[in-house]
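In the numbering used here, the protein residues as written are 1 to 372.
Not one of these hints is a red herring.
20 Å max Cα-Cα, derived EDC-like pairs, lysine to aspartate or glutamate:
#1 Lys180 / Glu335
#2 Lys171 / Glu357
#3 Lys171 / Asp250
#4 Lys171 / Glu248
#5 Lys209 / Asp187
#6 Lys180 / Glu239
#7 Lys180 / Asp342
#8 Lys164 / Glu138
#9 Lys366 / Asp68
#10 Lys164 / Glu357
#11 Lys290 / Asp325
#12 Lys290 / Glu335
#13 Lys171 / Glu109
#14 Lys266 / Asp315
#15 Lys164 / Asp149
#16 Lys171 / Glu138
#17 Lys233 / Asp210
#18 Lys266 / Asp250
#19 Lys164 / Asp152
#20 Lys209 / Glu241
#21 Lys164 / Glu150
#22 Lys290 / Asp323
#23 Lys266 / Glu239
#24 Lys247 / Glu270
#25 Lys164 / Asp68
#26 Lys290 / Asp315
#27 Lys366 / Asp95
#28 Lys148 / Glu160
#29 Lys301 / Asp342
#30 Lys266 / Glu252
#31 Lys301 / Asp325
#32 Lys164 / Asp250
#33 Lys366 / Asp313
#34 Lys148 / Glu357
#35 Lys171 / Asp187
#36 Lys209 / Glu239
#37 Lys164 / Asp89
None of these hints come from the bench; they were simulated from the model. These figures come from a predicted structure and were not determined experimentally.
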Amino acid sequence: MATLSAAAARNASRLHSLARRTIPISRRFLSQTTHAAAGSILPTKIKPKVSASAPKPPSVILTLTGPDGPGIVHAVSGFLSRRNMNIMDSAQFGDPTTGTFFMRVHASEPEPDADAQPSEPEPTTTTEEEKASPAYAEQRAAFLRRIKDEFDSEFATAAEVSVKIYGAESKPRTLIMVSKIGHCLNDLLYRQSSGSLPITVPLIISNHKDFAPLAAAHGIPFFHLPIDVASGKTKEWAESETMRLAKEHDIELVVLARYMQILSPKLCQEFSGRIINIHHSFLPSFKGAKPYHQAFERGVKLIGATAHFVTADLDEGPIIEQDIDRVNHAMSPAELVRAGADVEARVLARAVRWTAERRVLPNGAKTVVFNY
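Modelling step: build the complete structure from the supplied sequences, incorporating the hints.
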């Protein structure tokens, strides 16, 4: 027993000595890796939690479309990292059939240096009132232009590469056009006024007067542009007025919320990739007028709606969103119309929201939609 006790004592002594040598090594390794992390992409400090009610700090959305190839994600993330911009969300897609790469990145803007000297003034939070001022808008625009210029300069962006940078808080100025069926218009205005649809609606245009009271209730100017050839108000006149008003109100996006007029190739070209239409059927089936009646005649079991970009080819533009509802043999055309109205409203709202959030990128006759 004495021999075992002596052996145990010797082992304990060796372990104690090893521990004394190991602890400083571990501390040195921890110190070295901590300092190394300071120069890497790993954060060295845990950021404090931000209250959900606190104003959101400014951020940007970058979209990129161009030829696919290795290193694109690395280049973009490196560009943002070197400017102390943190990636909050990123989505990419490489189309194997066209060899085109698509990317959308949401990144925070540079934060003040956490190690700044106390003598430096503390950054102040921009209030909503300040954000609405022309001075703030110009400051933001100048910042976005600078980031875009730096990106183009650093990567010598080729002509076939499209890079756009937006303020994430920006709300596209949207012209809504409507005729005599108003469920989509009403839905869009409700969503916009409740804050769930990030657009600004400075005006509504219609070829009928039906929804002037609705526009007035929302405090939105309403322009009645009827087509009356006898009085000289031709379709060409109406479209000319539409383009004039759109330019006057700095319109970025046009939404056809059941606007039952075929747009001319000139107007389609003027707003190429910026006009969204809701078609009351699941394209490419039942194009043209009265699609629900066409569906009734065919005895369909599903009805749907399609939101798409408008082109000169009727109902042929790139599809943004679609949805369906089940129907049965006992439903009349009028009942199909009522059921379809709900589908139309939600499909159009999704398409407008995703477009406003810069999630929709054109891909030839199709679209890439980063809605996840």
